[in-house]
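**Student:** Each chain, letter by letter, is given below.
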Amino acid sequence: MNTPINPGDTAWILISTALVLLMTVPGVALFYGGLTKKENVLNTMFMSLIAFALTSIIWVLYGYPLAFGGDIHGLIGNPTNLFMNNININSPATLAPTIPALIYIGFQLTFAAITVALISGAVVERMKFSAWTAFVILWISLVYVPVAHWVWGGGFLSQLGALDFAGGTVVHINSGIAALALVYLLGKRKDTRLLPHHLGYSVIGASLLWFGWFGFNAGSALTANGLAASAFLVTNTAAAAAMISWIILDCLKTGKPTLLGAISGAIAGLVAITPAAGYVTVPAAIIIGLLTSIFSYFAVSKLKTKLGYDDALDVFGIHGISGLWGSIATGLFAAPFVNELGTGLFYGNPKQLLIQVLAVVIVMAYSFTMTLIMGKLLDVTIGLRVSEKDEIEGLDTNLHEETGYRL
Amino acid sequence: MKAIIAIIRPEKLEQVKENLVGAGCYGMTVTEVKGRGRQLGIRESYRGKEYHIDLLPKTRLDIIVNDDKVEKVVDAIVKSAQTGDIGDGKIFILPVEDVVRIRTGERGEKAV
Chain A
1 MNTPINPGDT AWILISTALV LLMTVPGVAL FYGGLTKKEN VLNTMFMSLI
51 AFALTSIIWV LYGYPLAFGG DIHGLIGNPT NLFMNNININ SPATLAPTIP
101 ALIYIGFQLT FAAITVALIS GAVVERMKFS AWTAFVILWI SLVYVPVAHW
151 VWGGGFLSQL GALDFAGGTV VHINSGIAAL ALVYLLGKRK DTRLLPHHLG
201 YSVIGASLLW FGWFGFNAGS ALTANGLAAS AFLVTNTAAA AAMISWIILD
251 CLKTGKPTLL GAISGAIAGL VAITPAAGYV TVPAAIIIGL LTSIFSYFAV
301 SKLKTKLGYD DALDVFGIHG ISGLWGSIAT GLFAAPFVNE LGTGLFYGNP
351 KQLLIQVLAV VIVMAYSFTM TLIMGKLLDV TIGLRVSEKD EIEGLDTNLH
401 EETGYRL
Chain B
1 MKAIIAIIRP EKLEQVKENL VGAGCYGMTV TEVKGRGRQL GIRESYRGKE
51 YHIDLLPKTR LDIIVNDDKV EKVVDAIVKS AQTGDIGDGK IFILPVEDVV
101 RIRTGERGEK AV
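Chains A and B are the protein sequences, given in the same order.
Sequential numbering from 1 applies to the first sequence in the working numbering.
Sequential numbering from 1 applies to the second sequence in the working numbering.
Source of the hints: derived by calculation from the structure; they are not laboratory data.
Note that beta-carbon positions come from the ideal geometry of N, C-alpha and C, so glycine has one too.
One should not assume that every hint holds.
[Stated by the list, open to error] Every beta carbon over 12 Å from chain A, so not counted as near; a handful from chain B, in silico:
| id | residue |
| --- | --- |
| 1 | Gly48 |
| 2 | Ile53 |
| 3 | Glu71 |
[Stated by the list, open to error] Straight-line Cα separation of at most 27 Å, DSSO-like style, residue types lysine-lysine; simulated pairs:
| id | chain 1 | residue 1 | chain 2 | residue 2 |
| --- | --- | --- | --- | --- |
| 4 | B | Lys49 | A | Lys38 |
| 5 | A | Lys302 | A | Lys253 |
| 6 | B | Lys34 | A | Lys256 |
| 7 | B | Lys72 | B | Lys12 |
| 8 | A | Lys188 | A | Lys389 |
| 9 | B | Lys79 | A | Lys188 |
| 10 | A | Lys188 | A | Lys351 |
| 11 | B | Lys79 | B | Lys90 |
| 12 | B | Lys49 | B | Lys69 |
| 13 | B | Lys110 | B | Lys72 |
| 14 | B | Lys49 | A | Lys190 |
| 15 | B | Lys49 | A | Lys253 |
| 16 | A | Lys37 | B | Lys58 |
| 17 | A | Lys38 | A | Lys190 |
| 18 | A | Lys188 | A | Lys306 |
| 19 | A | Lys302 | B | Lys49 |
| 20 | B | Lys34 | B | Lys17 |
| 21 | B | Lys17 | B | Lys110 |
| 22 | A | Lys306 | B | Lys90 |
| 23 | A | Lys351 | A | Lys38 |
| 24 | A | Lys190 | B | Lys34 |
| 25 | A | Lys306 | A | Lys351 |
| 26 | B | Lys34 | A | Lys389 |
| 27 | A | Lys37 | B | Lys49 |
| 28 | A | Lys38 | B | Lys69 |
| 29 | A | Lys38 | B | Lys110 |
| 30 | B | Lys69 | B | Lys79 |
| 31 | B | Lys49 | B | Lys2 |
| 32 | A | Lys389 | A | Lys376 |
| 33 | B | Lys110 | A | Lys256 |
| 34 | B | Lys12 | A | Lys38 |
| 35 | A | Lys256 | B | Lys12 |
| 36 | A | Lys37 | B | Lys34 |
| 37 | B | Lys12 | B | Lys34 |
| 38 | A | Lys256 | B | Lys49 |
| 39 | B | Lys90 | B | Lys2 |
| 40 | B | Lys17 | B | Lys49 |
Can you make the complete structure from the sequences, with help from the hints?
**Tutor:** In structure tokens, the structure reads:
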């Protein structure tokens, strides 16, 4: 029997899916876990783990069909495949016909999971675990799923021509702005200092994120071809450039390079190149990477203090701001000879930049408003914030009856 | 008999232990502690923001010796723990009323 499914593409997306899984568990868990106080290390890691588990179930029950099912008025997918009904194991994916639908679903599942897990970095050290689990369910269902449909599933932003190769808008701006909304509701921690208890964890976590990001970005080509190779190389290039750029900023500011600065820069670079990965050249990736650290550095060291919000691990400052720059940069640098689907301002298409800005503004407004509404709803029902006693003594012993270190 | 309480840099512990053996001092109790001196700690920088850390990790040694060994032990600690920089620590010397070796019930200098 002839099948359109390509074994090479399928193998690559199977691997990519596992790579993106690695980004959340253990990548984000370790990255964030190392940055918190030692009394909260388990709670911080647990937030990523539970986010992955809950999203995994939501996605196969109704998340995937609503995000990627046939378009209904540009707003939501047609839920014809609820609970994975009517999907044969050999059916090709609608949006990636050379791979099986089931692995495309798995690949997209890992994107949804990491997006919501990223938000946890903003609210660590003070949010109730029960409220977090309820938030994950609501946010995936009411924010991630529609936004993924608008941009990737054939919805109105996709119809408009918005470019987001691997998730600048859907993943990073979406999580970054939701983080901002949630910390606005939660309020500041009793002790707002960022004093990492184990930077070694964070280095391992960030390194796993970098490693997994090759599946995230190069996997988003959905085929094992030249485009995937190009996305792979620009991803690495932007991350390296951004790391170097952040180290230079550190040296200019304090006279010394810091390892947390280096890994923060690398993550900022990976975020910024994500929407552009399948559209831009290597030199453009260097520019995107070098500049993104400047924007994120300014956001975490100046803007946060000035506006007075307590984004504990800088989810908005790094994912929101670098995602924003990456999405705009896609409108500037998209080269038609890299990918015929994208032509940016510098290649003669100023309209693309306007579309990018419009998509960013719409997603920011929707994500911020919806997160505020659902956060407020949770606050008045089960309560968002832990008791003062729990916060001061640490969440590990008080919420989970466990401790990260027994010396 | 004297109790010698030495607060030293953690990274100097191995060298101090070695020199104490050379000075004929074998027993000690070691504790990881935190503290500060007159300079009130150090500055650390995370993501471009500077923080003042005023309690720094230190190592505390509790040593009980007979009076004739006090100077030798203090010398050994000073020589092996000294870097010349702020934060080298301090040594406190206190009188000890009595000592009991639990295993044998011996008292006083014999039990040290």
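**Student:** Are any of the numbered hints broken by this structure? If so, which, sorted upward?
**Tutor:** 1, 2, 9, 10, 12, 22, 23, 25, 28, 29, 31, 33 and 40
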